[in-house]
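There are 2 protein chains.
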Amino acid sequence: MAEEKKFVAEVTSMEEDFAKWYTDIVKKAELADYSGVKGCMVVRPYGYAIWENVQKSLDRRFKKTGHENVYMPMFIPESLLQKEKEHVEGFAPEVAWVTQGGSEKLSERLCVRPTSETLFCEHYSNIIHSYRDLPKLYNQWCSVVRWEKTTRPFLRTTEFLWQEGHTAHATAEESMEETIKMLNIYADFCEEELAIPVIKGRKTDKEKFAGAKATYTIEALMHDGKALQSGTSHNFGDGFAQAFGIRYTDKDNKPQYVHQTSWGLSTRVIGALIMVHGDNDGLVLPPRIAPVQIIIVPVNQNKEGVLEKANELRERLSKIARVKLDDSDKKPGWKFSEYEMKGVPARLEIGPKDIEKNQVVLVRRDSREKIFVSIDGLEKSALDFMEKIQADMLVRARNLLESKTYSAATFEEFADIIENKPGFVKAMWCGDRACEDAIKEKTGATARCMPFVRENIAETCICCGKPASNMVVWGKAY
Amino acid sequence: MAEEKKFVAEVTSMEEDFAKWYTDIVKKAELADYSGVKGCMVVRPYGYAIWENVQKSLDRRFKKTGHENVYMPMFIPESLLQKEKEHVEGFAPEVAWVTQGGSEKLSERLCVRPTSETLFCEHYSNIIHSYRDLPKLYNQWCSVVRWEKTTRPFLRTTEFLWQEGHTAHATAEESMEETIKMLNIYADFCEEELAIPVIKGRKTDKEKFAGAKATYTIEALMHDGKALQSGTSHNFGDGFAQAFGIRYTDKDNKPQYVHQTSWGLSTRVIGALIMVHGDNDGLVLPPRIAPVQIIIVPVNQNKEGVLEKANELRERLSKIARVKLDDSDKKPGWKFSEYEMKGVPARLEIGPKDIEKNQVVLVRRDSREKIFVSIDGLEKSALDFMEKIQADMLVRARNLLESKTYSAATFEEFADIIENKPGFVKAMWCGDRACEDAIKEKTGATARCMPFVRENIAETCICCGKPASNMVVWGKAY
Numbered sequence: 026m027a028e029e030k031k032f033v034a035e036v037t038s039m040e041e042d043f044a045k046w047y048t049d050i051v052k053k054a055e056l057a058d059y060s061g062v063k064g065c066m067v068v069r070p071y072g073y074a075i076w077e078n079v080q081k082s083l084d085r086r087f088k089k090t091g092h093e094n095v096y097m098p099m100f101i102p103e104s105l106l107q108k109e110k111e112h113v114e115g116f117a118p119e120v121a122w123v124t125q126g127g128s129e130k131l132s133e134r135l136c137v138r139p140t141s142e143t144l145f146c147e148h149y150s151n152i153i154h155s156y157r158d159l160p161k162l163y164n165q166w167c168s169v170v171r172w173e174k175t176t177r178p179f180l181r182t183t184e185f186l187w188q189e190g191h192t193a194h195a196t197a198e199e200s201m202e203e204t205i206k207m208l209n210i211y212a213d214f215c216e217e218e219l220a221i222p223v224i225k226g227r228k229t230d231k232e233k234f235a236g237a238k239a240t241y242t243i244e245a246l247m248h249d250g251k252a253l254q255s256g257t258s259h260n261f262g263d264g265f266a267q268a269f270g271i272r273y274t275d276k277d278n279k280p281q282y283v284h285q286t287s288w289g290l291s292t293r294v295i296g297a298l299i300m301v302h303g304d305n306d307g308l309v310l311p312p313r314i315a316p317v318q319i320i321i322v323p324v325n326q327n328k329e330g331v332l333e334k335a336n337e338l339r340e341r342l343s344k345i346a347r348v349k350l351d352d353s354d355k356k357p358g359w360k361f362s363e364y365e366m367k368g369v370p371a372r373l374e375i376g377p378k379d380i381e382k383n384q385v386v387l388v389r390r391d392s393r394e395k396i397f398v399s400i401d402g403l404e405k406s407a408l409d410f411m412e413k414i415q416a417d418m419l420v421r422a423r424n425l426l427e428s429k430t431y432s433a434a435t436f437e438e439f440a441d442i443i444e445n446k447p448g449f450v451k452a453m454w455c456g457d458r459a460c461e462d463a464i465k466e467k468t469g470a471t472a473r474c475m476p477f478v479r480e481n482i483a484e485t486c487i488c489c490g491k492p493a494s495n496m497v498v499w500g501k502a503y
Numbered sequence: 026m027a028e029e030k031k032f033v034a035e036v037t038s039m040e041e042d043f044a045k046w047y048t049d050i051v052k053k054a055e056l057a058d059y060s061g062v063k064g065c066m067v068v069r070p071y072g073y074a075i076w077e078n079v080q081k082s083l084d085r086r087f088k089k090t091g092h093e094n095v096y097m098p099m100f101i102p103e104s105l106l107q108k109e110k111e112h113v114e115g116f117a118p119e120v121a122w123v124t125q126g127g128s129e130k131l132s133e134r135l136c137v138r139p140t141s142e143t144l145f146c147e148h149y150s151n152i153i154h155s156y157r158d159l160p161k162l163y164n165q166w167c168s169v170v171r172w173e174k175t176t177r178p179f180l181r182t183t184e185f186l187w188q189e190g191h192t193a194h195a196t197a198e199e200s201m202e203e204t205i206k207m208l209n210i211y212a213d214f215c216e217e218e219l220a221i222p223v224i225k226g227r228k229t230d231k232e233k234f235a236g237a238k239a240t241y242t243i244e245a246l247m248h249d250g251k252a253l254q255s256g257t258s259h260n261f262g263d264g265f266a267q268a269f270g271i272r273y274t275d276k277d278n279k280p281q282y283v284h285q286t287s288w289g290l291s292t293r294v295i296g297a298l299i300m301v302h303g304d305n306d307g308l309v310l311p312p313r314i315a316p317v318q319i320i321i322v323p324v325n326q327n328k329e330g331v332l333e334k335a336n337e338l339r340e341r342l343s344k345i346a347r348v349k350l351d352d353s354d355k356k357p358g359w360k361f362s363e364y365e366m367k368g369v370p371a372r373l374e375i376g377p378k379d380i381e382k383n384q385v386v387l388v389r390r391d392s393r394e395k396i397f398v399s400i401d402g403l404e405k406s407a408l409d410f411m412e413k414i415q416a417d418m419l420v421r422a423r424n425l426l427e428s429k430t431y432s433a434a435t436f437e438e439f440a441d442i443i444e445n446k447p448g449f450v451k452a453m454w455c456g457d458r459a460c461e462d463a464i465k466e467k468t469g470a471t472a473r474c475m476p477f478v479r480e481n482i483a484e485t486c487i488c489c490g491k492p493a494s495n496m497v498v499w500g501k502a503y
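Chains A and B, in that order, are what the protein sequence lines are. Residue 26 is where the first sequence starts when you use my numbering, and the numbers rise one by one after that. Residue 26 is where the second sequence starts when you use my numbering, and the numbers rise one by one after that.
Bound conformation, chain A alone:
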């Protein structure tokens, strides 16, 4: 057990230093590594395998709702980026510029895409002519670049992996419907796959996407009480269509502008998985997204028949789950710690005594609960075991969210909570940018969103005291 302790001891406890605990887990669970490129990370096999599961699961949802994947260039000519005024103002300050190609100095700078609205708009203006061409429901899996000053693996890096959906519709109603549909897909994905409950709502104008008419968001709450914006969905109305001249001929043969949306979710959600479910022994992954769902650790593996049995079980279980057998010569205790660090949801132990009793031991990563189950019908027991883990993890995360969500009727209450009880705070807001700025200035909290589900916490704005009908969820955010 000495080895085991050594392994675990290398992680800072989250109570001691949450930020350090986070980066320790990123490193120790081998999710990512730093690179020599400022602000960029190397996504290691285990981290990338989580991302592949995110991709598979989201992509299935996108395709089921009629979306198609495409690939756009990674460069945007400066003149193209500038076509939509608000958009360029929002993004130009944080892009990387290519000024030289081979030995040739470029006559026009190219930016490395920070997001691809302008490229999709240009393409749409080429391929959309008639109402028959609508809707266009495109998505792209790629990486984007935003020149960030301070970075942290998965949460904020100069380059990150994401998907960006870009759609064009005949009417404002349809683009509104799409915006909300995709937000709901994100929220369902987070709850069902990642076991992370989220608050759905609309961003204030200050916080919305550059060029959008309205931005909707899903906000998750981390263990330290900070918010993490986990996915956004934007309704553009016909703003981009006007800037880029994306018109179609309607059924009455009249020219009309299309209405557009875009929506994105990134490798940030891997950061959310760490900070919602992780503990001081490492990562804790929900079974549906875990690269390895069951780790089989043989006990006394040199005893006759143990490895044979372990292999037989691996074979059986691999038909219903992502299973790995660790038959290396490390001690079982060391293996336990290693897979705990990696957050493997279920551990199956099998030794000579278990074989005698025709049983195995199943141990949960999340609750450490241990059960003995018969080898007969092991497939069903294992599936039930994982479903229970998945469900319990969501309940636990929901409890975390609820226990750290507060209400404040006055500014004093609000400031006290933000200062002393990190979490979400529901409070009323008059709608003025000045109050929003002042609240941030004084407390550090930002408007996370105006939730779809509203309550009437008070009659007046916590900042200016004027009548207020907007309930905002505030918090400090990553």
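Honestly, I wouldn't trust all of these hints.
Repeated chains share a single entry, so a pair holds when one copy, or any two copies, can fit it.
[Said to hold, decoys possible] With a straight-line cut-off of 20 angstroms between C-alpha atoms, the simulated SDA-like cross-links for lysine to any residue are:
#: 1; residue 1: K355; residue 2: D158
#: 2; residue 1: K81; residue 2: Q188
#: 3; residue 1: K89; residue 2: P316
#: 4; residue 1: K88; residue 2: T471
These aren't lab readings, by the way, just hints derived from the structure by calculation.
Based on the hints, put chain B in the right spot on chain A.
Just chain B, lined up with the frame of chain A:
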């Protein structure tokens, strides 16, 4: 049928202008579109769906052989690119340089990766310590950028999609074995999935990858007799390891350099699919890679029961194949032409008379052969039908390759074939760079590879007449 003719007539025939025929198909089959970004294309949904099938099929092969996916930064600092001398000389002239990030002028230029050896090497030097850490078998799906002067969709674009495998091994034998293993995986993939036979061989020193000890290639032959390099696998020996200091401690506790490989295959193979299988009516896709394998076209679809039956068959067939039903109000002839243009391998026609007879019509895209099969057991008939198409397409492509492969014993024979019968020419070479350069200078042909399967065409080099033991396959290439 007038509509049908109109649709087809928009494609230039390949006999008239092969290059124009190619780009017509790229556009008309909606594989890709030009973008406002010089040299970059938009990969449209149908083209991307082919790429997704390539990815799925290759990724399965990679994982089955123990490879893991990762993601490296897209930027390479100039100093990192310069660490391996030959490598930087080969790539520096054709990279895009980022010189500005946000409002800040960078103190060191970053190149957008043209390939990622240097990044993998840096990472390997951080994570490889002991023989226990080996082998590292990593792969990455991404896009890379090479500043090209003349571009053509899929064949040569400034940015293109690919996968790049990068592995590190304990011994020279292991890296050699890996190099050949991955070349064989590429060749098998091309034959089995794309129905494209290839010649496997080694590149001459002139044609090898910048920084490699040896480069191996698979070369395919297009309809116009030109070669297309379709995948390469490089053995680096310990050259990069020495430049980047990638060392491990062996079992005897001695420091050793690792031995490395890299291997890549790109969206070029979509160009190969077009130019090996396509005809004057459009694309012809082998079933295993086709986004839609069976297109169901109802005939007299307004007659009672036709659409119901068509839907029932779609439902049944979708369990065993990628099926689409086109129940739009376009005329059947128009639909026929449209899916012929898109190269859908099998068309299923069903009309009132077929329903009466409890049959459907199956039509092959490749040979136009038409058969009537019973609705009972349609699943098996459809699968057999597609297997036959897949097998026949490979035979046809193999015949194309063989019929356009020649031998030349003298320079006169060689020059005559290159001039008048475009294809591969097997001829002997002494091994001198001067002769290789002269042959290119005089005929335009390059050494495609020195095949694994050799023949003794003659005793002397076709260029200098000195004794020669190297049989080279020469050709003009894309």
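For each hint, the structure was consulted:
Taking CA atoms no more than 20 angstroms apart as the test, K355 paired with D158 passes between copies only; the shortest distance there is 14 angstroms, against 60 angstroms inside one copy. Taking identical chains as interchangeable, the C-alpha atoms of K81 and Q188 lie at most 20 angstroms apart whether they share a chain (12 angstroms) or sit on different chains (18 angstroms). Taking identical chains as interchangeable, the C-alpha atoms of K89 and P316 lie at most 20 angstroms apart only when they sit on different chains, with a minimum of 15 angstroms there against 23 angstroms within one chain. Taking identical chains as interchangeable, the C-alpha atoms of K88 and T471 are never at most 20 angstroms apart, the minima being 35 angstroms within one chain and 44 angstroms between chains.
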